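Visitor: Residue strings, one per chain:
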Amino acid sequence: MDFSIRAANMEDCKDIARMIMLQVHNKPCCDYLSDMENILVNTSHFSRFHIFDCLLSGHTKIGYALYFYSYSWLGRGIYMEDLYVMPEFRGKGIGKALMSKLGLAAGCSNLKFTVLDWNKPSVDFYVSQGCSDITANFGFHCMRCEGEALEHLAQP
Amino acid sequence: MNYKIRAATKEDCKDISRMITELAVHDKMSDQVKLSYEELEYDGFCQNPFFECLVAEVSEEHKSKEGNGIGSGLLSKVAEVGKKKKCVRLQLSVLNWNTPARDFYAAKGAQDLTVNEGWHSVRFDGQNLDNLANEAPKDV
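Sequence order for the protein chains is U and Y. Under my numbering, read the first sequence as residues 1 to 156, first letter to last. Under my numbering, read the second sequence as residues 157 to 296, first letter to last.
Each statement offered as a hint is correct.
Calculated lysine-lysine pairs in the DSS-like style (CA-CA distance at most 25 Å, straight line):
#1 Y:Lys294 <-> U:Lys112
#2 Y:Lys294 <-> U:Lys61
#3 Y:Lys294 <-> U:Lys96
Hints listed in this document are in silico derivations from the structure and should not be mistaken for laboratory results. Because the structure is a prediction, the values reported are computed rather than measured.
Just need the whole structure built from these sequences, with the hints factored in.
Guide: Shown next as structure tokens:
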């Protein structure tokens, strides 16, 4: 299958919003596709995150990787927030190609992301690529503060 | 105790580097630290910085080892910085054997996504990352 990968541009936000909404149909973060598109377009002005698109020959977007630069005592890192390939295009090396593109990011010594322990296809895929489960191996737990708890925390 | 929290400057990088080492020793990971203070200086204060940092400082006569709410102050300040930029989440990781830290974050209302939802943190580095990058499709 012929596909190409390139950095996303502003015009891609519509398609990326569509693909995000395909994933969150069980727990929608916003009701309308247009809201998601606006969030992407507005946030991208800050250059806080980057996206690689996957396009089929014919330029239909069928997958994306959303990432941002992170930092730790390992040095510069990449955090991959989303890796998504539409179901009908899986098993053709597209997910791997998107992730490999991230691995090239200049000067970064590590690529981090999260996976759900019950998501066997994803876990198997990542393990086959040679990654390390630092939750299982070192005991790192992912913590999140949001909503009222975050509001309360932000009080001066 | 009087303490002050402020944005880090380039001049703080030597001290931040020292404290990174102290944290790594505590986490039993000092062999993982690859960062020099010079890299911190460059990466934090170049045109497109890779990170932002807050520091807490006390005057000389107040140096002590007691708990004084400084950790809470730093965490709240990070949340405040995020709030100004309309951030909706604050995420961090904590080691499962570090009970004081786990209790601290739980008391602040943080959810443990690993326990509650099964999220695992995964990492590529070293040779595995090089192998992955070498397989990237060439730019057309």
